[in-house]
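K.L.:
Using the sequences and the hints, build the whole thing.
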Amino acid sequence: MLEVEGVSTFYGEYQAIHDVSLRVESGQLVSIFGPNGHGKSTLLKTICGLMKPASGVIRFEGREIQGLPSHKLVEMGVVLISEERHLFPEMTVMENLRLGAYAKSARKKEAENLELVLTMFPKLKDFEKKAALTLSGGEARMLAIGRGLMSDARFLAIDEPSFGLAPILRTQVFEQIVALRDRGLSILLVEQTTGDIAEQSDYIYLLEDGRIAFSGSKDEALHDDVVRKVFLGIT
Amino acid sequence: MREFIEVLITGFTIGIVYYLVAVGFTLCYGVGRVLNYSYGSFFTWGAYLAWVIAVGYAQLNYFLVFIVVLPIMFLFGVAVDQVLIRPLRNRPEFDFSVLLATLGLAVFLDNLVLVIFGPRTKSLPAFLEGSITVGGFTISWQLVAMFIFALVVAVALALFMAKTRTGMSMRAVAQDPMGARIVGIPLYRVFAITFGISTMLCGAGGILLAPRFFMTPLGGWTFLVKALIIVIAGGLGSLRGTLYASFLLGILEAIVGWQLGLLWVMPFWFIVLFAILLVRPAGLFGAIGRKG
Numbered sequence: 002m003l004e005v006e007g008v009s010t011f012y013g014e015y016q017a018i019h020d021v022s023l024r025v026e027s028g029q030l031v032s033i034f035g036p037n038g039h040g041k042s043t044l045l046k047t048i049c050g051l052m053k054p055a056s057g058v059i060r061f062e063g064r065e066i067q068g069l070p071s072h073k074l075v076e077m078g079v080v081l082i083s084e085e086r087h088l089f090p091e092m093t094v095m096e097n098l099r100l101g102a103y104a105k106s107a108r109k110k111e112a113e114n115l116e117l118v119l120t121m122f123p124k125l126k127d128f129e130k131k132a133a134l135t136l137s138g139g140e141a142r143m144l145a146i147g148r149g150l151m152s153d154a155r156f157l158a159i160d161e162p163s164f165g166l167a168p169i170l171r172t173q174v175f176e177q178i179v180a181l182r183d184r185g186l187s188i189l190l191v192e193q194t195t196g197d198i199a200e201q202s203d204y205i206y207l208l209e210d211g212r213i214a215f216s217g218s219k220d221e222a223l224h225d226d227v228v229r230k231v232f233l234g235i236t
Numbered sequence: 662m663r664e665f666i667e668v669l670i671t672g673f674t675i676g677i678v679y680y681l682v683a684v685g686f687t688l689c690y691g692v693g694r695v696l697n698y699s700y701g702s703f704f705t706w707g708a709y710l711a712w713v714i715a716v717g718y719a720q721l722n723y724f725l726v727f728i729v730v731l732p733i734m735f736l737f738g739v740a741v742d743q744v745l746i747r748p749l750r751n752r753p754e755f756d757f758s759v760l761l762a763t764l765g766l767a768v769f770l771d772n773l774v775l776v777i778f779g780p781r782t783k784s785l786p787a788f789l790e791g792s793i794t795v796g797g798f799t800i801s802w803q804l805v806a807m808f809i810f811a812l813v814v815a816v817a818l819a820l821f822m823a824k825t826r827t828g829m830s831m832r833a834v835a836q837d838p839m840g841a842r843i844v845g846i847p848l849y850r851v852f853a854i855t856f857g858i859s860t861m862l863c864g865a866g867g868i869l870l871a872p873r874f875f876m877t878p879l880g881g882w883t884f885l886v887k888a889l890i891i892v893i894a895g896g897l898g899s900l901r902g903t904l905y906a907s908f909l910l911g912i913l914e915a916i917v918g919w920q921l922g923l924l925w926v927m928p929f930w931f932i933v934l935f936a937i938l939l940v941r942p943a944g945l946f947g948a949i950g951r952k953g
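Quick note, the sequences are listed as chains Y and C, same order. Just so you know, the numbering used here puts 83 at position 82 of the first sequence, and the rest follows in order with no gaps. Just so you know, the numbering used here puts 926 at position 265 of the second sequence, and the rest follows in order with no gaps.
Worth flagging that the hints you see were computed from the coordinates, not collected in a lab.
Chain Y is faced by these chain C residues, among others (derived, beta-carbon under 8 Å):
| # | residue |
| --- | --- |
| 1 | ASP837 |
| 2 | VAL844 |
| 3 | GLY845 |
| 4 | PRO847 |
For glycine and all other residues, C-beta sits at the position ideal for the given N, C-alpha and C.
P.N.:
Dropping the structure here:
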């Protein structure tokens, strides 16, 4: 469904991503793990059209998408849920959700997706009329995820959904992500630390210094010495 | 006392027109990050286009002025955004280069007025003659028409911003441009529409206020300065602040013009701006350190 081939991305002079290749098959949950500041977010932004790759090819359902503006990609069903959230602070929760369905492709199913989001995160319904800036960290995270789901995406890139969440919420969010995968969505997830989500992933990549340091199924990851030592901290 | 209340009514009406002009200016900055130095020249052009249609060449019915001039102003704004401003985005120092580019455009537009219409002042007659007397107060029909038209535009703008998808996307871009891109809002289209609306609001101000002032090729600069003062007094980025500041300064203008003459209006505006900033450094409704 999504193929990334030899992609490099720069911030000015600084190269954040070096010749990265990966793939996500239809209906898979693929996770990228790696320490902070090693290019995970940059990679997702590059895939979703928020940054331009200097070289390399990105294909979505066979079509080359590198360098396309983000609104075209959202229309095609490629959507990012950012770690920095990027909510609209002075708008209400409901307005934020409705803007999630801004793309033409999302409008048909706006009511249906709203229903889904509100069942997933019932708390958002209570806060419907509150301005986004008044939400707590966890609530804002739910809203960001909810807004992403409103886009009726077929491919979701989720950047550190558990960042700053209490452990209970964290488990809930991961359960929801797995549920989404089981509904047929393809998901590329980024996290700093492994844990429950690694167990559920169909495939795992390890990104270090902007390079793919490891790729394999979760069983391979658990049996790889390098991954175990450097990354999982198991000796 | 009767005269004083009439002056207040005049001030209130000017205030709402100033609100349209100031809100156009602040939208352009808030959404598109463009500090538009050619805004005063747009004002001049709005007024001169009205003159062309109502007095100079076509001599059409006054109300056609709005129907003809406002769409022209909108399209002109979109064209300026596409031709002049869009190429500068994504380049380093956009904030500064766009300032120079719009300043250059202002000089060009002002001189174009000079070449086409000459340096002599022109004036637009009032849209409506006569006046009505209600409860002992005499109000000119002109003022009533101005008030109604400005109110309709202001309410339409508020509804547009609150309810429509385009209005929501404009607010979204103003609040978090990256968030707007993430949900799939086409930034450049929103910038273009915003610039068009901003130019149209400025043109509406030009048409409505032209009968009160003589029109000269450089006359619009006063209104650029006025829009700036209103926006700063109200608090950058606050639409509510812009509204209150517009009424405050509009009423001040009417009172000063009545007691001392119009020449004293600008000094008093500056004094009031100074006083507001002494008490509230971020303006009436501004928050210091406001994001963005």
